[in-house]
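Peer 1: Residue numbers (my numbering), protein chains in the order written: chain A, 60 to 307; chain B, 60 to 307.
Simulated from the structure, these hints should not be mistaken for laboratory data.
A hint or two may mislead.
Which copy is meant is left open, so a pair is good if it fits within one copy or across any two.
Unchecked claim - Derived pair list, reagent style DMTMM-like, types lysine to aspartate or glutamate, alpha-carbon separation capped at 25 Å:
1. K215 to E90
2. K91 to E119
3. K91 to D117
4. K251 to E90
5. K105 to E195
6. K215 to E142
7. K215 to E143
8. K251 to D299
Spelled out from the first residue to the last, the chains are:
2 protein chains.
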Amino acid sequence: MRAAVRGGRWTTTTHGLARGYVQASVAILPEKYAFDFLRFCQRNPKPCPLLEVTDPGDPEARMAAPGSDLPGHRLYRDGAFSEEVRSIHNLWCDDHVGVVLGCSLSFDEVLVEAGVRQCHLEQAGGRLAVYRTSIECVPAGVFHGPLVVAMRPIRKRDVVRAVELSARYPIAHGAPVHISDPREIGMENPAKVDWGRYPAPAEDEAPVYWACGVIPQATAMASGVPEMITHSAGHMFVTDPHLSTMAH
Amino acid sequence: MRAAVRGGRWTTTTHGLARGYVQASVAILPEKYAFDFLRFCQRNPKPCPLLEVTDPGDPEARMAAPGSDLPGHRLYRDGAFSEEVRSIHNLWCDDHVGVVLGCSLSFDEVLVEAGVRQCHLEQAGGRLAVYRTSIECVPAGVFHGPLVVAMRPIRKRDVVRAVELSARYPIAHGAPVHISDPREIGMENPAKVDWGRYPAPAEDEAPVYWACGVIPQATAMASGVPEMITHSAGHMFVTDPHLSTMAH
Chain A
60 MRAAVRGGRW TTTTHGLARG YVQASVAILP EKYAFDFLRF CQRNPKPCPL
110 LEVTDPGDPE ARMAAPGSDL PGHRLYRDGA FSEEVRSIHN LWCDDHVGVV
160 LGCSLSFDEV LVEAGVRQCH LEQAGGRLAV YRTSIECVPA GVFHGPLVVA
210 MRPIRKRDVV RAVELSARYP IAHGAPVHIS DPREIGMENP AKVDWGRYPA
260 PAEDEAPVYW ACGVIPQATA MASGVPEMIT HSAGHMFVTD PHLSTMAH
Chain B
60 MRAAVRGGRW TTTTHGLARG YVQASVAILP EKYAFDFLRF CQRNPKPCPL
110 LEVTDPGDPE ARMAAPGSDL PGHRLYRDGA FSEEVRSIHN LWCDDHVGVV
160 LGCSLSFDEV LVEAGVRQCH LEQAGGRLAV YRTSIECVPA GVFHGPLVVA
210 MRPIRKRDVV RAVELSARYP IAHGAPVHIS DPREIGMENP AKVDWGRYPA
260 PAEDEAPVYW ACGVIPQATA MASGVPEMIT HSAGHMFVTD PHLSTMAH
């Protein structure tokens with residue numbers, strides 16, 4: 060899988076690949092901002108579960124995903140989206156630090172295997188509804204911004220099980236941050252998403268909100284750092300650790 | 060409790076105080092080394108469970124322990140112990156960062172309440188046997204050094220329960236790193252401790268080894284950083300979070 064990405068033979072999303080292994084997003088930024096960003100992650104572990112931090116100038120996630128590239132990146136400059144790029148070889152600098160954050164892609168499998176149905180995975184693209192909430196992340200240095208959540212419609216009879224199961228995997232954002240009424244966390248109209256697509260909960264489903272890995276992009280924009288490179292949506296690292304080895 | 064420390068009316072160890080609340084050690088170092096040290100903690104979560112990182116120049120652990128001072132500090136210079144000091148007001152610099160790490164003091168209560176006897180707590184001083192092991196911590200920047208462990212003699216019939224219980228509290232070093240034969244992790248003669256005092260396990264007890272919070276001192280010495288201020292042994296922050304709120 061990694062060789063295919065590095066060799067340019069896999070250039071699309073990693074959803075459903077290498078099932079069971081932790082998938083991870085990345086935020087690459089100049090060392091000057093890395094300490095602020097690490098404090099931001101430490102203060103906001105649900106949206107930003109730290110899996111690895113590379114040494115300055117080292118372009119490889121040596122511990123979690125050696126030999127790995129991302130199949131797609133997004134480049135932000137001065138707080139604005141600049142461009143989508145496949146390779147960052149010509150953008151990498153000696154003072155770059157890569158912050159690798161666990162994501163929910165592998166965890167989705169755990170829910171499904173436990174019989175917790177996730178309708179959005181059965182539909183084209185598997186996209187979730189993603190919102191900026193009225194909850195502020197704890198700021199650190201230049202980094203600040205709203206907590207971003209992803210909503211999964213979960214059958215009401217499965218909600219407790221979904222909380223129990225996700226709580227075991229802090230590396231994949233852990234337990235939900237909110238259940239049910241979206242207005243309590245600042246979304247007046249749940250059909251109006253900030254990213255993704257709205258899968259309206261059915262009669263027997265409740266909306267359940269988990270912290271979302273789009274937070275690096277959101278903070279890059281909010282903080283206006285001169286440069287940040289992130290993964291493209293769904294274009295993740297497939298890492299060495301199996302999710303089960305990181306369960307609590 | 061905090062007011063008593065800040066007012067200079069409590070100047071000794073915090074063992075047994077404010078039972079149930081997370082107690083924490085601290086490593087204060089110049090911002091220049093803080094990003095290296097944070098990566099070190101991220102890579103070695105068992106010995107270095109991050110509870111809070113202060114903004115550069117801010118002498119207060121605002122999130123975990125506002126209004127708090129330590130009742131005692133140790134000062135290291137160029138990798139060597141320099142002196143024990145009660146107050147660090149005259150040592151604090153604008154570029155200092157405080158890294159607050161969870162410790163095992165509060166967790167000891169959990170074991171005792173669950174009926175897991177800890178003989179060393181019943182003896183004067185409650186001191187443990189602390190060893191440098193042959194296991195190397197994952198290095199980061201200037202920081203490196205051996206994993207340091209604390210040994211508790213645990214009744215053999217309680218060992219599984221002790222593992223289960225401690226695994227729930229990663230903020231207090233989590234599950235043990237080793238059980239039984241000390242030679243497997245580099246200690247030929249367990250009576251020869253590096254710190255503390257050796258409580259020889261009785262016939263019905265096994266030695267169980269947990270990662271130990273003396274690691275900031277050990278890395279300060281191994282790395283030779285020009286300056287690091289740590290807590291004095293047993294002189295901890297008493298923090299706001301109750302241990303139960305940080306359980307997994």
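Peer 1: Now tell me, hint by hint, if it's right for this structure.
Peer 2: These are the hints, each one checked on the structure:
1. Taking identical chains as interchangeable, the C-alpha atoms of K215 and E90 are never at most 25 Å apart, the minima being 45 Å within one chain and 48 Å between chains.
2. Taking the shortest Cα distances, K91 and E119 sit within 25 Å of each other both inside one copy (19 Å) and across copies (23 Å).
3. Taking identical chains as interchangeable, the C-alpha atoms of K91 and D117 lie at most 25 Å apart whether they share a chain (15 Å) or sit on different chains (19 Å).
4. For the homomeric pair K251 and E90, neither the shortest alpha-carbon distance inside one copy (36 Å) nor that between copies (43 Å) is at most 25 Å.
5. Taking the closest pair of Cα atoms, K105 and E195 come within 25 Å of each other only inside a single copy of the chain (13 Å); across copies the shortest separation is 29 Å, beyond that limit.
6. Proximity of K215 and E142 under a CA criterion of 25 Å is satisfied in neither setting, with 40 Å inside one chain copy and 60 Å between copies.
7. Proximity of K215 to E143 under the C-alpha cut-off of 25 Å is found in neither arrangement, the shortest distances being 38 Å within a copy and 58 Å between copies.
8. Proximity of K251 to D299 under the C-alpha cut-off of 25 Å is found in neither arrangement, the shortest distances being 37 Å within a copy and 38 Å between copies.
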